[in-house]
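Student: Place chain B on chain A using the hints.
Chain by chain, the residues run as shown.
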Amino acid sequence: MNTHPNLRAYLAGVFVPTLVLPLLLTVFIVARIVLQVPVPIEQAMIFPMAVVPLLFGLWNMLWLGSRGCTHLPIGLHGAILPLVLMPLGATTAHCLGVLAFGAHGVTWFQAAYVPYALIAPCFLAALAAYYLIWKYVVGALNRVLGIA
Amino acid sequence: MNAYDEDRLKKLLQQALPPVEADPEPGRDLWPAMLRRLDARPAAPRPSSWAWFDAALLASLAAFAALVPASIPVFLYYL
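For the protein sequence lines, the chains are A and B, in the order given. Heads up, the first sequence is in our numbering, so the first residue is 1 and it goes up one at a time. Heads up, the second sequence is in our numbering, so the first residue is 1001 and it goes up one at a time.
What the hints contain is simulated information worked out from the structure, not anything from laboratory work. Do not take every clue at face value.
[As the list claims (entries may be wrong)] A short, non-exhaustive set of chain A residues, derived as facing chain B with CB atoms under 7 Å:
#1 84
#2 85
#3 118
#4 123
#5 125
#6 128
These numbers were taken from a predicted model, which means no experiment stands behind them. Glycine included, each C-beta is placed from N, C-alpha and C at the ideal position.
If we strip away everything but chain A, and leave its shape as in the complex, we get:
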């Protein structure tokens, strides 16, 4: 089990987004077909399908490579990821027409309205969620795969 640690780190990293993706697809399809919400599903799926798993895998590889120098716990390392993901995701979403900026808030997927006052709490919630996911899920997978 001492071979290909980067490959194992990548696979452990992509585990969570790979599990969430079908859930996300289900939510969007139910919203669009059952609830008749005009969700632009094709544009909305590009970022979570192509970018998020890749970044999760690379981020775990980065943790594996840098932990000797930084000694950063994996939970805190994962909590830094939204600092990269959120601006990238918001820019992508805005370019694809998934995110619209209004006078008092933003509208995601032409359906979910989030006031500007809630952006900071949302960001903090994302940090907390990423911290927990990386500490308990990715960390556990790293231990199972013998790289932690």
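Tutor: Here is chain B on its own, set in the frame of chain A:
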């Protein structure tokens, strides 16, 4: 090593090692003690303050998702 050395070595070894008793059984049955050790479970680790912090964080997240349901699809978008 000649025959004299071999005899001398043999005698030295016999002097150094204690003679084996005729009944080498222990004085008591060791198996129940072995079973007790096998059955003994390590004490459950005490939940650290970080575990309480993480649980509080999870509860806060659930409360936030309940208060702001619009954040759920946005959060899923980033996973």
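Student: Next, verify each hint and record whether it holds.
Tutor: Results of checking the hints against the structure:
With its C-beta approaching chain B no nearer than about 11 Å, residue 84 of chain A sits outside the 7 Å limit, and its interface hint is violated. A distance limit of 7 Å between C-beta atoms decides the matter here; for residue 85 of chain A the minimum to chain B is near 6 Å, and the interface restraint holds. The closest approach between the C-beta of residue 118 of chain A and any C-beta of chain B is roughly 6 Å, which is under the 7 Å cut-off, so the hint is satisfied. A least Cβ separation of about 10 Å between residue 123 of chain A and chain B goes past the 7 Å threshold, and the interface hint is therefore violated.
Taken as an interface hint, residue 125 of chain A checks out: its beta carbon lies about 5 Å from the nearest beta carbon of chain B, inside 7 Å. Of the supplied interface hints, the one on residue 128 of chain A holds, with its beta-carbon coming within about 5 Å of a beta-carbon of chain B, less than 7 Å.
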